[in-house]
Amino acid sequence: MSTQSDNKFTGNPREPEPVPLAQADELGIKQVLDCDGNANGNLADPNLSEDEVRKFYEMMVLVRAIDDRGWKLQRSGRIAFWIPLLGQEAVQVGVTCALDDKDWIFRAHRELAVWLLRGKSLKMLFAQFYGAEEEPLRGRRLPCLIGSRDINLISSTTQVGASLPHAVGAAWAAKLLGGSEKFLIFFGDGSASRGEFHSAMNFAGIHQPPVMMVCVNNGWAVTTPLDRQTASANFAAKGDNYGVRNVRVDGNDPLALYAVTKDAHDNIEEYGPTLIEAVTFRLGYHTSSDNPDLYRHEQECELWKPWDPVRRLRLYMENKGWWDQTREDALIALHEKEIQEAVTAAEAMKIPGPASQFDDVFAETNWMIEEQKERILSEVKADD
Amino acid sequence: MSTQSDNKFTGNPREPEPVPLAQADELGIKQVLDCDGNANGNLADPNLSEDEVRKFYEMMVLVRAIDDRGWKLQRSGRIAFWIPLLGQEAVQVGVTCALDDKDWIFRAHRELAVWLLRGKSLKMLFAQFYGAEEEPLRGRRLPCLIGSRDINLISSTTQVGASLPHAVGAAWAAKLLGGSEKFLIFFGDGSASRGEFHSAMNFAGIHQPPVMMVCVNNGWAVTTPLDRQTASANFAAKGDNYGVRNVRVDGNDPLALYAVTKDAHDNIEEYGPTLIEAVTFRLGYHTSSDNPDLYRHEQECELWKPWDPVRRLRLYMENKGWWDQTREDALIALHEKEIQEAVTAAEAMKIPGPASQFDDVFAETNWMIEEQKERILSEVKADD
Amino acid sequence: MTEMTVLEALNAAMAHELEHDPKVVILGEDVGIAGGIFRTTQGLQNKFGVDRVIDTPLDEKGIAAHAVGMALYGMRPVVEIQFSGFIHDCIEQIMFCGAKYRWVLGGEYSVPMTIRAPSFGGIMGGIWHSHSPESYFAHGSGIKIIAPSTPQDAYSMLITAIRDPDPVLVLEPVPLYRTLRDEVDETLKTQEFGKAEIVRSGSDITVVVYGPLRHKTVEVADSLAEDEGIDVEVIDLKTLIPFDIETLVNSVKRTGKMVIIHEASQTMGFGAEIATSVQAKAFGYLEAPIDRVCAPDVPHSYRVGDEFYIPNKDRIRAGIMKTMEAIL
Amino acid sequence: MTEMTVLEALNAAMAHELEHDPKVVILGEDVGIAGGIFRTTQGLQNKFGVDRVIDTPLDEKGIAAHAVGMALYGMRPVVEIQFSGFIHDCIEQIMFCGAKYRWVLGGEYSVPMTIRAPSFGGIMGGIWHSHSPESYFAHGSGIKIIAPSTPQDAYSMLITAIRDPDPVLVLEPVPLYRTLRDEVDETLKTQEFGKAEIVRSGSDITVVVYGPLRHKTVEVADSLAEDEGIDVEVIDLKTLIPFDIETLVNSVKRTGKMVIIHEASQTMGFGAEIATSVQAKAFGYLEAPIDRVCAPDVPHSYRVGDEFYIPNKDRIRAGIMKTMEAIL
Ligand SMILES: Cc1ncc(C[n+]2csc(CCOP(=O)(O)OP(=O)(O)O)c2C)c(N)n1
Ligand SMILES: Cc1ncc(C[n+]2csc(CCOP(=O)(O)OP(=O)(O)O)c2C)c(N)n1
Ligand SMILES: [Mg+2]
Ligand SMILES: [Mg+2]
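Chains A, B, C and D supply the protein sequences, listed in that same order. Take any residue in the first sequence, note its place counting from 1, add 5, and you have its number in the working numbering. Take any residue in the second sequence, note its place counting from 1, add 5, and you have its number in the working numbering. Take any residue in the third sequence, note its place counting from 1, add 355, and you have its number in the working numbering. Take any residue in the fourth sequence, note its place counting from 1, add 355, and you have its number in the working numbering.
Hints are not guaranteed to be accurate.
[What the hints assert, rightly or not] A few chain C residues facing chain D, derived, Cβ under 7 Å: (1) 394; (2) 397; (3) 443; (4) 444; (5) 446; (6) 447; (7) 458; (8) 462; (9) 490; (10) 622; (11) 631; (12) 635; (13) 644; (14) 652; (15) 653.
[Stated by the list, open to error] Once the Cα atoms are required to be at most 20 Å apart in a straight line, the calculated PhoX-like pairs of lysine-lysine come out as: (16) 677/C - 378/B; (17) 636/D - 550/D; (18) 378/A - 668/D; (19) 378/A - 636/C; (20) 668/C - 378/B; (21) 355/A - 128/A; (22) 342/A - 77/A; (23) 636/C - 677/D; (24) 125/B - 342/B; (25) 378/B - 636/D; (26) 342/A - 128/A; (27) 668/D - 677/C; (28) 378/C - 402/C.
It is worth saying that the hints were derived from the structure and are not from the lab. By construction, the Cβ of each residue, glycine as well, lies at the ideal position given by its N, Cα and C atoms.
Could you build the full structure based on these sequences and the hints that come with them?
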């Protein structure tokens with residue numbers, strides 16, 4: 006019987022495991038690209054057009070640049086908090102592009118690309134980071150917890166995993182009412198330990214709503230590695246228990262992610278719900294409050310770098326003759342300019358005062374809230 | 006995609022499924038006895054001695070007689086509530102007999118045999134049904150929710166499934182502190198839908214405490230059949246997801262239950278925890294408040310009757326020459342007498358007054374409880 | 356006008372909404388073929404089908420959570436929690452997801468779900484089958500709480516709850532399900548929340564109550580009028596969040612005294628909020644402290660809970676007399 | 356005497372108990388190698404090993420539930436909930452399993468578990484990272500609630516909690532973790548629960564507070580003495596269940612006025628219980644209604660919550676003045 010006690014604790018981060026993406030076949034991981042960007046994996050190249058692949062690539066580069074800027078804004082004290090996405094660009098782009106705009110997406114906490122892929126502006130994105138009054142969530146939520154109804158993007162409720170049944174429930178409702186939307190939720194490996202994973206998978210297996218559940222397995226939940234989270238390293242297979250179709254996919258391979266999600270999406274009538282495990286790695290900090298040096302072996306990031314999704318897709322495009330350094334330089338320059346404009350705009354925006362935050366508790370307010378509001382506003386006004 | 010909508014509802018109970026015990030081999034169900042009591046199943050006869058088998062049989066007959074009497078007491082208004090066990094005698098007897106007395110058992114709601122197998126009296130059992138002050142739970146709990154520390158039997162907290170992690174946690178504590186006890190919990194197929202099943206299996210898989218989790222799969226949770234509870238009819242296999250060893254066993258075959266539990270128990274150091282799915286059937290009502298005619302096809306009980314655990318073990322004993330009608334008659338008469346004595350004794354007992362129920366909220370009481378107690382006792386006394 | 360039990364009124368309300376709004380679904384354990392443990396939904400699955408009256412897995416939290424998702428999409432799910440003693444696993448989902456989504460999502464989404472919680476004691480159910488859950492839902496924000504305790508209120512308030520754009524918790528009076536029968540005017544489909552009812556007007560003391568104890572309290576009031584000449588005003592709160600402060604304050608301004616009666620245990624029971632709010636607004640009119648007659652801070656005992664923990668008539672009477680005598 | 360921050364005091368308390376009682380274990384998300392999100396358990400796993408300081412799966416309910424089981428066996432698990440905004444999934448397990456087991460099992464078992472809930476606002480955390488969870492645990496029975504807000508109290512009260520034979524919920528003051536440093540007498544291992552502390556004695560008005568606001572309140576009191584000549588008595592409740600009614604009542608008998616201040620939202624916040632209990636026992640001494648200064652019944656906003664929802668000094672001052680002026 007293997008026990009936790011066998012692991013003598015040394016106080017140092019433990020030696021990293023080999024990168025699972027390097028053993029995609031043995032581990033049942035669907036993969037198009039190898040680490041040099043050649044499409045010779047166990048999954049056929051979806052053969053997207055140059056334009057489409059370029060869109061993937063440019064968006065991955067853009068969200069990486071946003072992440073970089075967000076991090077710096079936090080470090081310099083301009084915004085209070087930041088949730089990095091470094092290394093996880095592929096899953097948000099590949100998956101989102103496989104859906105229709107009318108499909109609903111429930112976010113976890115690292116998927117900024119959905120916002121932009123669905124046509125919202127960089128300016129409003131930074132407005133959310135700054136908590137501006139005019140962004141859809143009106144300064145109520147932590148930076149990065151974006152969402153907006155006009156693009157069918159639902160910001161999570163912060164308790165990780167808790168919205169899994171919301172996605173399943175919404176999909177079930179659409180099915181019952183004859184809606185044509187499909188539903189997708191991103192959630193982390195850590196979040197799967199919560200009861201809602203069990204509930205959501207169970208209901209999904211029984212009622213077969215049009216939902217895709219994307220487990221972004223990045224190997225860590227804050228400081229906790231996978232083998233302290235579950236004794237079964239294969240997340241996808243957890244679907245078997247519930248009669249839910251499932252697939253493991255290279256989470257750093259935008260083409261494989263696109264292909265697998267598109268298949269699940271387009272055949273949802275036949276397949277029912279799919280649990281998609283995207284095997285990836287968080288190259289950055291958990292959040293701006295984190296310090297991975299305390300718990301993660303420095304070697305681990307090094308091992309994953311050859312599997313960097315941006316690098317792999319760039320090599321793929323270069324192999325095809327679709328990309329070169331000139332274009333890269335131009336893209337970087339463009340992003341820098343656009344991001345700077347967004348930052349400048351966001352910094353000029355009004356942040357909410359106390360009054361507007363009293364809205365939206367109910368469709369109609371009540372005497373309790375109004376009385377409290379009046380008192381607080383008067384006390385604050387009286388003294389300031 | 007199969008959907009619930011395909012099931013056109015008729016308003017009548019649906020046709021019964023075939024009895025899974027009849028297809029034990031195909032369904033991976035461990036079985037010693039066929040339905041005529043011959044030991045020619047896929048699991049070797051544990052070859053228990055005549056005395057041992059007789060003990061099993063007599064206890065199964067006794068709890069069935071208690072169930073019958075309890076039911077009648079409820080129907081005649083002598084006790085307020087009853088939880089039948091008819092048809093599920095084998096699992097409580099076979100499993101309990103495979104453990105040592107020091108091992109902890111967490112109950113679900115139908116296992117009366119543990120109480121008697123561990124040496125507690127019939128009189129105290131009926132005292133609990135009547136809610137007498139002198140029984141260990143002091144009239145606080147519904148009839149049948151028995152438990153007592155001196156036999157390491159823990160009454161459940163009524164929310165079904167909620168005590169699964171308590172059993173795992175207690176086992177984990179024993180392991181950490183070097184205790185030698187092992188732990189076992191009974192829970193129903195319905196209860197496995199709750200989040201605690203997920204938590205308990207997950208922690209058990211990671212930390213490998215000495216615990217056995219017995220899913221008494223009786224096909225129903227009140228009016229809800231298995232396929233509305235989960236899309237995976239094989240409960241045992243759910244252990245795979247969590248790295249928890251698992252086994253399916255004929256839940257109406259006391260010898261198979263004994264053998265499977267004993268194996269899990271004696272090899273717990275090597276195996277780690279085991280999820281045991283006991284496939285059985287509730288022949289009776291869910292509780293005294295239930296009416297199965299509303300939801301269960303009358304044919305279903307008929308199909309299960311040949312698999313009656315009491316009948317099968319009796320045939321086994323008769324085949325061995327260990328049992329005959331004379332002994333049966335004597336046993337029935339003895340039980341009737343003993344039960345009558347217990348009823349008479351229980352009816353003579355004091356039931357608790359309001360005062361004693363204020364104890365045990367905390368190790369030491371506090372002013373809030375004492376002030377409330379004093380007021381209530383005075384108001385009640387003043388007027389009565 | 357039709358004579359109905361409380362149970363029949365609830366059933367009729369659900370049937371009406373299922374009939375007239377395709378977005379309404381009923382979800383819960385065993386709500387289907389047999390109509391639930393209490394038979395509140397009897398006949399509904401047969402009439403509206405398995406996609407409108409849905410048997411769920413045994414997972415209260417999962418039920419509530421999926422209903423939140425359905426409601427986000429625009430459905431009006433009506434969740435039955437089999438007994439309110441089993442509702443606590445849903446608190447995070449109801450209070451910190453469902454009830455917060457409107458605000459947290461910038462006002463862009465709403466969660467029009469109804470949670471039916473069969474509550475209160477009196478059926479010898481012991482701790483988990485005799486529960487008053489309101490305190491776990493009355494703090495925080497984003498959910499309404501109602502406690503109808505007549506057939507008419509059950510009918511009109513349940514329909515109102517189903518149509519409400521926000522989450523509503525319905526404390527259903529289990530002990531009255533079959534024991535209370537009265538006329539129901541089915542043309543009164545809705546009833547504004549937040550309005551208390553003066554069930555018996557009186558000038559000597561204000562007694563605030565909600566749930567099944569409303570009826571016992573009126574009986575005690577009547578007998579006090581007869582035996583002692585004390586004229587008790589009995590107010591059934593009916594809506595807990597938002598509660599009808601105006602009616603309470605106006606009453607206590609007339610009577611100068613208030614006793615609050617509920618089945619939930621005393622400490623942090625809803626009586627604490629009523630008392631605190633009322634004294635804040637009517638301090639100068641109070642002739643005696645506001646008193647509470649409640650269950651003690653002890654779990655509900657199978658054997659003695661119904662008889663002694665839930666305020667019985669002796670205790671209600673003694674409680675009223677205590678405040679009356681405090682003045683003398 | 357050693358100078359410590361609140362965080363260091365909590366760490367020292369756990370280290371001491373781990374060292375001296377083999378039955379003590381720490382459980383929680385990320386409590387191991389990095390010492391938790393806040394580093395409260397820093398160094399403990401390294402010193403005591405992975406079997407005493409245990410990283411759990413991301414499953415608050417599961418953590419609480421397994422700790423209940425460990426405690427039933429006789430261990431003294433100390434559970435860290437990463438942020439108290441995530442504690443609501445544990446309510447059933449803590450309140451309706453852990454806190455009820457002693458009674459429900461006839462007094463034959465006990466559940467000596469401690470739940471550490473990093474609470475209160477002030478770190479721009481928004482709704483889930485700025486939470487005051489006490490109302491969800493103060494109703495019902497079987498659990499104690501404490502809110503230490505000095506290094507000494509953190510040290511002595513956490514040790515007392517770990518040694519307590521019943522479940523104890525510890526509301527830890529996140530905003531003070533690193534910002535408040537003071538002398539700790541490590542020989543004072545325990546501190547009796549249920550005793551409030553008169554932090555500043557005064558004769559004009561009683562102000563009851565708990566948690567981090569204790570410090571702001573004293574500042575306001577000092578400035579009121581200086582600016583207005585008002586002599587405010589500030590009482591830090593420290594234990595919520597069971598709370599120190601005697602100290603509160605004695606104080607209000609002297610001052611005739613009471614204001615309660617807390618970060619939790621107003622309706623059914625713990626102030627409701629304090630006010631109701633105090634008016635019941637000191638009615639004749641009150642010169643004004645008991646007032647509450649709290650967060651509104653609105654979720655905590657990332658942008659404005661810390662500044663305006665949590666009572667700031669302006670609001671505390673205004674609240675005290677309002678009651679003072681009510682008298683004039
Ligand atoms: C219910 C709950 N518990 C704890 C937290 C604090 N927390 C935020 S993210 C996180 C880890 C999540 O891990 P995972 O699901 O794997 O996602 P990842 O951060 O790796 O993307 C934790 C513990 C939370 N947000 N919600
Ligand atoms: C959490 C919870 N929800 C609902 C109930 C009411 N209830 C009592 S037994 C039961 C069915 C349990 O089914 P199962 O676990 O299969 O056990 P069985 O009754 O079939 O033995 C239900 C729903 C409960 N006790 N606890
Ligand atoms: Mg992760
Ligand atoms: Mg069952």
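Tested hints:
1. 394: violated, 26 Å
2. 397: Interface hint status for residue 397/C: violated (29 Å vs cutoff 7 Å).
3. 443: For residue 443/C, the interface hint holds, since the closest Cβ of chain D sits about 4 Å away, which is under 7 Å.
4. 444: For residue 444/C, the interface hint holds, since the closest Cβ of chain D sits about 4 Å away, which is under 7 Å.
5. 446: holds, 5 Å
6. 447: holds, 4 Å
7. 458: holds, 5 Å
8. 462: Violated: closest Cβ of chain D sits about 12 Å from residue 462/C, beyond 7 Å.
9. 490: holds, 4 Å
10. 622: Holds: closest Cβ of chain D sits about 6 Å from residue 622/C, inside 7 Å.
11. 631: Residue 631/C check passes; min Cβ-Cβ to chain D is 4 Å, inside 7 Å.
12. 635: holds, 5 Å
13. 644: holds, 4 Å
14. 652: Nearest chain D Cβ about 4 Å off; hint holds.
15. 653: With Cβ-Cβ at 6 Å, under 7 Å, it holds.
16. 677/C - 378/B: Measuring from Cα to Cα gives roughly 16 Å; hence the hint holds.
17. 636/D - 550/D: holds, 18 Å
18. 378/A - 668/D: holds, 17 Å
19. 378/A - 636/C: With a Cα-Cα distance of about 17 Å, the restraint between residue 378/A and residue 636/C holds, given a limit of 20 Å.
20. 668/C - 378/B: Measuring from Cα to Cα gives roughly 17 Å; hence the hint holds.
21. 355/A - 128/A: Judged against 20 Å, a Cα distance of about 14 Å means the pair holds.
22. 342/A - 77/A: Holds, at about 16 Å.
23. 636/C - 677/D: The hint holds at about 14 Å.
24. 125/B - 342/B: Status holds; Cα separation ~17 Å.
25. 378/B - 636/D: The given pair, whose Cα atoms are some 17 Å apart, holds under the 20 Å limit.
26. 342/A - 128/A: Since the Cα atoms of residue 342/A and residue 128/A sit roughly 12 Å apart, the hinted pair holds (cutoff 20 Å).
27. 668/D - 677/C: Roughly 41 Å separates the two Cα atoms, so the pair is violated.
28. 378/C - 402/C: holds, 16 Å
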